[in-house]
Amino acid sequence: MNRETAPTDWKGAVMQKRIAGRYAAERRFRLIGLGAVLLSGAFLAFLLFVMVGNGARGFTYTHVAVPIDFKAMPLTIDKSRLGDADADQVIANAGLADIVAFAADEALGTGGSAMISENAWKEVRSAIKDDPELLGSKTVFELPASSEVDMAAKDGGKGALGAAVATLKADGKLSTGIHWPFFRNADATDPAVAGIWGALKGSVLTIFIAFLIAFPTGVLAALYLEEYAPKNRWTDLIEVSINNLAAVPSIIFGLLALAVFINWFGLCQASPLVGGLTLALMTMPVIVIASRNAIKSVPPSIRDAALGVGASPVQVVFHHVLPLALPGILTGTIIGMARALGETAPLLLVGMRAFIGDVPGGICSPSTVLPMQIFLWSDEVDRGFVEKTSAAIIVLLVVLLSMNAFAIYLRNKFEKRW
Amino acid sequence: MTQDDLTIADPKMKAHGVNVFYGEKQAINDVSIDVGTDLVTAFIGPSGCGKSTFLRSLNRMNDTVASAKVTGQIELDGENIYAPSMDVVQLRARVGMVFQKPNPFPKSIYDNVGYGPRIHGLAPNKADLDVIVERALVRAGLWDEVKDRLQESGTALSGGQQQRLCIARAIAVDPEVILMDEPCSALDPIATAKIEELIHELRGKYAIVIVTHNMQQAARVSQRTAFFHLGTLVEYGKTTDIFTNPKQERTKDYITGRYG
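One line per chain: the protein sequences are A and B, in this order. Per numbering that gives the first Met the number 0, residue 0 is the first one in the first sequence, and the count goes up by one each step. Per numbering that gives the first Met the number 0, residue 0 is the first one in the second sequence, and the count goes up by one each step.
Among these hints, one or two may not hold up.
[Unchecked claim] Distance windows between CB atoms, simulated:
(1) A/292 x B/22: 23 to 29 Å
(2) A/229 x B/120: 55 to 61 Å
(3) B/188 x A/295: 34 to 40 Å
(4) B/229 x A/229: 39 to 45 Å
(5) A/401 x B/133: 44 to 50 Å
(6) B/84 x A/230: 25 to 31 Å
(7) B/63 x A/357: 55 to 61 Å
(8) B/229 x A/251: 52 to 58 Å
(9) B/200 x A/401: 53 to 59 Å
Honestly, the hints are just simulated from the structure, not real lab data. Small disclaimer: the values here were computed from a predicted structure and weren't measured. Ideal placement from N, C-alpha and C gives every residue a C-beta, glycine not left out.
Required output: the full structure, derived from the provided sequences and hints.
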């Protein structure tokens, strides 16, 4: 070959400049990437810092020591009825609330009854039910403070009630500790008794229903589409539809669920059953897509090998393809489930945003879910709910992070080394 | 092609007038061939000549390709394998296959070999399966190398060992025919030599059909050779005849390296 042009000058100034430029581009790109990682890390750290800072307070509550002398203020009830089913009603009718309020006024000075929670007498009631002997004696009860007192106590004696709270603290009448009702109760209008358990149980039931429906359907649909369905215009159409379905805004699924499950099928509204079905509709396309990708990535040589020794198509799928695709399927499923767990919009429409004061008993009892509880509490006027909101967010994040950790564990457990 | 080249007293498989289509494209054109029971038959030919396609139609592996269509007659022991009454799963157990790239399951060595017998119910209990696995591994010449680590993953073996494991896996279901689709093309010369040695030892126990690119290999391991070109069977006969005295001009050109 004849070379008309001069030989390439690999050492010339132009070449050197090109090399320098290339190195600079490499460095720039690495710095930008590092910057992106640091930025997202900073966001996460900030979020965690703020949440934990605010939320930790939501897990504690202030109690006021109030002595109640039932000898001086007798509760006139028949002790034999304390074991009855309507004992709560009997005690309430006997005027326990007034006695507790009076005792608080006496112990804490004027306005003392406003310093304990309006539900404080219910704690006295359950104590009496546990031990009827209390009715004949003088006992010091640790009663939940009112939300304002709790705030003031946690803020270190600031605000309108600051002085009064500081005095109580000095007298040793205030104590702040872990707020167990928060982990036991459902929603309430009083922060002193409002709890997350109702929403947490609602979330668990809802996700369980969603998983039960979406996982088998999604995986079987993916297996059929990948392994059995002929490749033609219909399956292309189905594929496009599934991809589109995964992109549909979640609130649309809520409308669909409202129309189909509640109005048409007449299923119990605001229940984990309907909520779970709604989230299953929403999650299934995600599971189908993740599963199809996982199944596609199983090398065809494994299918050939199994067919070659005379495995039937079903055996190929269940002995080889599915086990090898399982890590990918599970990861996709759990990520889809985690998304469903954090979903609020579609559940608004099936009635799960209602105020539910009871812990749900089953999949058909009215219930709410964690993100909805966060939304509801963030709307509350009472300042005590601000930190409850943060505490609920922490609970939600803990559940989400454990699900993701579980996904990673499963992936590592089932992953095959090649 | 002359008729006397085809004289095999006791053919295990008989193909007659076989055509294979991939959609509109015809990959195999009117191929008739007999595969002898105690013989190693080699299919040679340039890339894309259809020899692998034809091989895969002998145990209906082409069924997995949606667009593939096979016409004509292929018989195993006088029974048409494309007849509706033929159970394709059992056919593939009787006509085993070894693939170009070693493809052990990502399971233990034991499970790799034991898988076939297990799904076909050949081993009622663990002790029987142990015997079958050992016999297959011995026949595949792999037993001494792996007997102490049967529970290790089959994918941890070297390429040549993996391919012998795949042969053991095919043997374990007690097939009558073993199809080998370029079994050595991904192996180094030493592993290749071991496989060829193994093919020698397996001859007589199974009818073996091997597709190969390597003409020396065909000459070394086979007793019958079929030369495919552009989807047709150009010449079929005793391996010695094909390599020393080819009747067709195209065969001669290919053997002497004129093309391919």
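* Asked: Which hint numbers does the structure go against, in order from smallest to largest?
  -> 2, 4
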